[in-house]
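The sequence shown begins at 61 in the working numbering and counts up one residue at a time.
If you are wondering where the hints come from, they were derived from the structure by calculation, not from laboratory data.
Nothing here was measured: the structure is a model prediction, and the numbers come from that model.
We put the beta carbon where it would ideally sit given N, CA and C, even for glycine.
It cannot be assumed that every hint is accurate.
Below, simulated SDA-like cross-link-like pairs (lysine to any residue); rule was C-alpha separation at most 25 Å, straight line [as the list claims (entries may be wrong)]:
#: 1; residue 1: K78; residue 2: Q173
#: 2; residue 1: K78; residue 2: T175
#: 3; residue 1: K402; residue 2: G277
#: 4; residue 1: K402; residue 2: A378
#: 5; residue 1: K402; residue 2: L339
Estimated spans, in silico, between C-beta atoms of each pair [stated by the list, open to error]:
#: 6; residue 1: A166; residue 2: P83; range: 17 to 25 Å
#: 7; residue 1: V357; residue 2: R289; range: 14 to 22 Å
#: 8; residue 1: I369; residue 2: E299; range: 22 to 30 Å
#: 9; residue 1: R145; residue 2: E182; range: 49 to 57 Å
#: 10; residue 1: P303; residue 2: V357; range: 31 to 39 Å
#: 11; residue 1: I304; residue 2: V177; range: 52 to 60 Å
#: 12; residue 1: L98; residue 2: A166; range: 25 to 33 Å
#: 13; residue 1: V177; residue 2: Q370; range: 45 to 53 Å
#: 14; residue 1: E185; residue 2: I138; range: 45 to 53 Å
#: 15; residue 1: L162; residue 2: A187; range: 31 to 39 Å
#: 16; residue 1: E299; residue 2: N384; range: 15 to 23 Å
#: 17; residue 1: L178; residue 2: F80; range: 15 to 23 Å
#: 18; residue 1: K334; residue 2: K402; range: 27 to 35 Å
#: 19; residue 1: R289; residue 2: T342; range: 27 to 35 Å
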Amino acid sequence: MPALTLSALAAGVLLARKRFPIPTVVVCLILSGFIGVLLRRSYPATPADLVALYAVGRYSGRAWALMMAVATPIVGFIVAAAIERIPSYNFENLGTLATVPLVVLAGAWVRIQRTYVLGAEERAERAEREREDEARRRVTEERLRIARELHDIVGHALMSISVTSSVSARFVEEDPKAGREALETINSVSNSALGEIRRTLSLLRGTAEPLKRPGLGLDDLPDLVQQSRTAGLPVTLHESGRPIEVPAIVGFTVYRIVQESLTNIRRHARDVLKVAVTLTFTPDSLDVAVTNDGRPVEMSDQASYGLGIQGMRERVAATGGRLNTTALPGGGFRVHARLPLKESRP
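Model the full structure from these sequences, guided by the hints.
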């Protein structure tokens, strides 16, 4: 009866094996010594000892597991030698003691495997979070790109319409033909802007990719310049060097730079007598420069000042080029961008 009570007590102690593996195994081994004396069993004497030793390997660190795997057999030999009622170890009961390190090693192996699995799961979760963060970053960049497109399209169209409509108002009675041409220009600019807005917004539905397959490029520059002339801006277009075929993304970027520069001239300059748009072709790059001789106008909305230039700078950087803006001595402003051709080719 005392042996049964001690065995039940050892089984109860095992409930604490996960949180307190070392105290659990110590208590179990002490109780096992008393059971071994009562029943004349070899030491360790109960299955609770093996469960507690497994818990040491499973829930303790490597150093504690190694120490218990070595210390328990040594204590077993000492106890068997010191107490006559506990059988000494021989070839018949040596297997009982040999199970001690095996059980501890089994617990340690399970702990290592579990740690590996948890590490793999954590790495997988981290990778998933990184993919989600990357997806969110791409969505944000896409929204910014769409906003930049709309800024350029709407800003240029509205400014052209505003300037042209103010000019046509004077021509309605004095020169009906010029007034009709101005109204036709307004109609053309608004229709073109609406088409570009629809194509840009279609990106939200996944049906278009303006920057990869843009619909505007170098061939559209003469029309853009002509629209600005009709609106009263004295623009000239010059080319130097040997014209070569350029990547679509470069042509699109050049178009947007010229468009935004002309819009900025209308908004921020006065007394403009000359605006020069110059394209310079080289085998490795394409330079675009937009220069005007107007005087700057004080901006009432300082918060929006410089957003157009920042948008141009981001476009140029996306192609691997660089953009410089310079206020000229005596008045005027120059926008210059150098776009590499080799790096931009698909």
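Hints and how they fare:
no. : hint                    : verdict
1   : K78 - Q173              : holds, 17 Å
2   : K78 - T175              : holds, 15 Å
3   : K402 - G277             : holds, 18 Å
4   : K402 - A378             : holds, 14 Å
5   : K402 - L339             : holds, 17 Å
6   : A166 - P83: 17 to 25 Å  : holds, 21 Å
7   : V357 - R289: 14 to 22 Å : holds, 21 Å
8   : I369 - E299: 22 to 30 Å : holds, 24 Å
9   : R145 - E182: 49 to 57 Å : holds, 52 Å
10  : P303 - V357: 31 to 39 Å : holds, 35 Å
11  : I304 - V177: 52 to 60 Å : holds, 59 Å
12  : L98 - A166: 25 to 33 Å  : holds, 29 Å
13  : V177 - Q370: 45 to 53 Å : holds, 49 Å
14  : E185 - I138: 45 to 53 Å : holds, 49 Å
15  : L162 - A187: 31 to 39 Å : holds, 37 Å
16  : E299 - N384: 15 to 23 Å : holds, 20 Å
17  : L178 - F80: 15 to 23 Å  : holds, 22 Å
18  : K334 - K402: 27 to 35 Å : holds, 33 Å
19  : R289 - T342: 27 to 35 Å : holds, 28 Å
Figure legend: structure checked against the earlier numbered hints; every hint is met.
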